[in-house]
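Engineer: The sequence shown maps to residues 3 to 448 in my numbering.
Be careful, since some hints might not be right.
[As the list claims (entries may be wrong)] Label-pair ranges, simulated between beta-carbon atoms:
| no. | residue 1 | residue 2 | range |
| --- | --- | --- | --- |
| 1 | 109 | 413 | 23 to 31 Å |
| 2 | 145 | 105 | 49 to 57 Å |
| 3 | 145 | 413 | 20 to 28 Å |
| 4 | 236 | 211 | 24 to 32 Å |
| 5 | 303 | 180 | 48 to 56 Å |
| 6 | 145 | 182 | 50 to 58 Å |
| 7 | 211 | 240 | 22 to 30 Å |
| 8 | 204 | 333 | 45 to 53 Å |
| 9 | 400 | 176 | 31 to 39 Å |
| 10 | 45 | 13 | 43 to 51 Å |
| 11 | 116 | 403 | 28 to 36 Å |
| 12 | 177 | 335 | 37 to 45 Å |
| 13 | 148 | 185 | 45 to 53 Å |
These are computed hints drawn from the structure, not numbers from a lab.
For every residue, glycine included, the Cβ atom is placed at its ideal position computed from N, Cα and C.
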Amino acid sequence: MVQARPPKMLSIVLSSSLGTMLEYYDFFVYVALTGTFTKLFFPTEDPVVAALVGAAGFGAAFLARPVGTLIFSPMADRIGRKKTFVVTLTLMGAATFLMGCLPSYATAGFAAPAALLALRIVQGIALGGEYGSAAVYVMEHAPARRAGLYTSVLQGTAGVGLLVALVIVAALRASLSAETFDLWGWRIPFLLSAPIVIVATFIRLRMTETPVFLELKRSGTLSASPLADSLTSRAAWKGILLAIFGAQGGTSVALYTSVVYMLYFLQGVLKVDSMQANMCVAVAVLATAPLFPVFGGLSDRIGRARTMLIGIVSWMVIAYPAFSGIAAGAGTGSWTLVTLLITALAALTAMIMAPLPAFISECFPPQSRTTGFGLAQQVGNVMFGGFLPLISLTLVGWTGNPLAGVGYSIASLIPCAVVTYCWALKAEKGRKAVTAPIEARAQSMG
Numbered sequence: 003m004v005q006a007r008p009p010k011m012l013s014i015v016l017s018s019s020l021g022t023m024l025e026y027y028d029f030f031v032y033v034a035l036t037g038t039f040t041k042l043f044f045p046t047e048d049p050v051v052a053a054l055v056g057a058a059g060f061g062a063a064f065l066a067r068p069v070g071t072l073i074f075s076p077m078a079d080r081i082g083r084k085k086t087f088v089v090t091l092t093l094m095g096a097a098t099f100l101m102g103c104l105p106s107y108a109t110a111g112f113a114a115p116a117a118l119l120a121l122r123i124v125q126g127i128a129l130g131g132e133y134g135s136a137a138v139y140v141m142e143h144a145p146a147r148r149a150g151l152y153t154s155v156l157q158g159t160a161g162v163g164l165l166v167a168l169v170i171v172a173a174l175r176a177s178l179s180a181e182t183f184d185l186w187g188w189r190i191p192f193l194l195s196a197p198i199v200i201v202a203t204f205i206r207l208r209m210t211e212t213p214v215f216l217e218l219k220r221s222g223t224l225s226a227s228p229l230a231d232s233l234t235s236r237a238a239w240k241g242i243l244l245a246i247f248g249a250q251g252g253t254s255v256a257l258y259t260s261v262v263y264m265l266y267f268l269q270g271v272l273k274v275d276s277m278q279a280n281m282c283v284a285v286a287v288l289a290t291a292p293l294f295p296v297f298g299g300l301s302d303r304i305g306r307a308r309t310m311l312i313g314i315v316s317w318m319v320i321a322y323p324a325f326s327g328i329a330a331g332a333g334t335g336s337w338t339l340v341t342l343l344i345t346a347l348a349a350l351t352a353m354i355m356a357p358l359p360a361f362i363s364e365c366f367p368p369q370s371r372t373t374g375f376g377l378a379q380q381v382g383n384v385m386f387g388g389f390l391p392l393i394s395l396t397l398v399g400w401t402g403n404p405l406a407g408v409g410y411s412i413a414s415l416i417p418c419a420v421v422t423y424c425w426a427l428k429a430e431k432g433r434k435a436v437t438a439p440i441e442a443r444a445q446s447m448g
């Protein structure tokens with residue numbers, strides 16, 4: 003089979019990224035509306051308890067992600083990458099739309115937060131099956147020497163999805179009174195996802211399956227049980243552990259500290275107005291979005307592990323002074339300084355994140371690639387990212403130190419840096435030597 007030409011690759015990347023961005027938008031609208039959800043669904047007189055409950059709702063969706071991986075990732079390895087991420091997109095869109103229809107606690111009592119939690123779990127299941135399928139889809143279309151560049155665009159969709167959510171919420175807050183927004187305005191971001199998901203689903207239905215999967219199907223070498231292959235193979239477990247600690251751990255900590263926890267930190271710890279907090283983070287995300295293909299391309303030249311290692315160590319060095327500067331800047335109203343420091347953290351986060359899809363994809367054989375990718379990513383997300391905001395806020399509450407949370411993040415990155423340096427750098431060289439002939443045969447037959 004012939005690899006996709008650049009114009010076709012552009013279409014493949016954009017089509018895959020659109021759907022993934024929409025899924026992240028659906029997932030992160032909850033974060034953008036943390037304050038509103040706390041008031042409407044988790045009423046309490048203690049603002050600290052309210053913040054912790056809201057953060058727990060964010061984490062609950064992460065516990066559901068591995069379930070989505072167990073359901074959808076083996077499906078992608080058996081019936082195709084394309085078919086699977088059409089299903090996950092539809093599931094995410096339905097759950098998000100229904101969140102916009104929920105009654106508040108004042109109307110339905112405890113049934114309201116219970117329904118909200120259930121729909122967050124459905125969102126987590128959908129996202130758990132989405133990203134691995136999309137990343138492998140792009141990876142298996144991309145020229146081998148530019149896989150890091152093309153797949154890195156997908157990593158930027160998380161930030162762009164959050165950015166779109168923040169912009170829409172900010173626009174609604176600016177155009178509606180606080181009472182009107184709390185009454186019905188908060189529903190609009192959720193209801194908007196329905197027509198957009200319909201369009202995105204139509205686009206995905208027109209996409210073609212990957213040449214690698216089609217060759218596996220044509221040659222009769224598809225795995226009958228990719229999940230069993232991933233869980234019973236020593237080589238697969240080596241790949242899973244390497245991907246968790248060498249790539250996903252660093253990505254989860256950096257992303258969910260620099261962007262997600264940052265919102266909780268600004269609003270809950272520093273008591274910054276939600277509009278101002280959203281604006282600072284939105285500008286940082288927008289400014290660093292173009293860096294993903296830059297760092298993805300860099301990983302094609304100097305290696306995935308080396309690129310991630312530089313980003314991890316640099317992030318660890320600047321994180322504490324950056325959060326300290328953000329706290330000082332918020333106290334004096336120096337929002338330009340706050341935004342610049344968030345941007346610096348987000349830029350290094352992009353350096354860690356950009357090589358991840360290609361790095362993890364290269365850890366597994368094509369027959370169980372999506373399953374291995376999904377297991378590594380979602381277990382890593384749960385271990386390092388899902389409850390990071392909750393743990394960080396709890397540490398702040400216990401110690402009274404507003405910077406205790408970022409200290410936890412820095413400590414969490416230590417094993418990631420060690421594994422990347424001691425294992426991933428060496429494993430990456432050996433893996434290329436072993437898998438290159440396999441990929442070459444898969445893409446040359448047809």
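Engineer: Tell me if the beta carbons of residue 211 and residue 240 are separated by a distance inside 22 to 30 Å.
Structural biologist: About 29 Å separates the Cβ atoms of residue 211 and residue 240, which means 22 to 30 Å holds.
Engineer: Okay, residue 148 versus residue 185 on CB: inside 45 to 53 Å?
Structural biologist: Once the Cβ atoms are compared, 50 Å apart, the range 45 to 53 Å for residue 185 and residue 148 holds.
Engineer: Taking 45 to 53 Å as the hint, is the beta-carbon distance of residue 204 and residue 333 inside that range?
Structural biologist: Distance hint for residue 204, residue 333 holds at roughly 49 Å.
Engineer: Can you let me know if the beta-carbon spacing of residue 109 and residue 413 is within 23 to 31 Å?
Structural biologist: Hint violated: Cβ distance 43 Å, outside 23 to 31 Å.
Engineer: Do the Cβ positions of residue 145 and residue 182 conform to the proposed distance bound of 50 to 58 Å?
Structural biologist: At roughly 52 Å between Cβ atoms, residue 182 and residue 145 fall inside 50 to 58 Å, so the hint holds.
Engineer: Measuring from beta carbon to beta carbon, are residue 145 and residue 413 in 20 to 28 Å?
Structural biologist: The hinted range 20 to 28 Å is violated for residue 145 and residue 413, with Cβ atoms some 39 Å apart.
Engineer: Given the hint of 48 to 56 Å, check if residue 303 and residue 180 actually sit that far apart at their C-beta atoms.
Structural biologist: The hinted range 48 to 56 Å holds for residue 303 and residue 180, with Cβ atoms some 51 Å apart.
Engineer: When you take the CB atoms of residue 400 and residue 176, is the distance between them in 31 to 39 Å?
Structural biologist: The hinted range 31 to 39 Å holds for residue 400 and residue 176, with Cβ atoms some 36 Å apart.
Engineer: Please check whether residue 236 and residue 211 have a Cβ separation lying inside 24 to 32 Å.
Structural biologist: holds, 30 Å
Engineer: Between residue 145 and residue 105, does the C-beta distance stay in 49 to 57 Å?
Structural biologist: Because 51 Å falls inside the window, the suggested range holds.
Engineer: Quick check on a hinted range of 28 to 36 Å for residue 116 and residue 403, using CB atoms only.
Structural biologist: holds, 34 Å
Engineer: When you take the CB atoms of residue 177 and residue 335, is the distance between them in 37 to 45 Å?
Structural biologist: violated, 24 Å
Checked against the numbered hints given earlier, the structure breaks hints 1, 3, 12 and satisfies all the rest.
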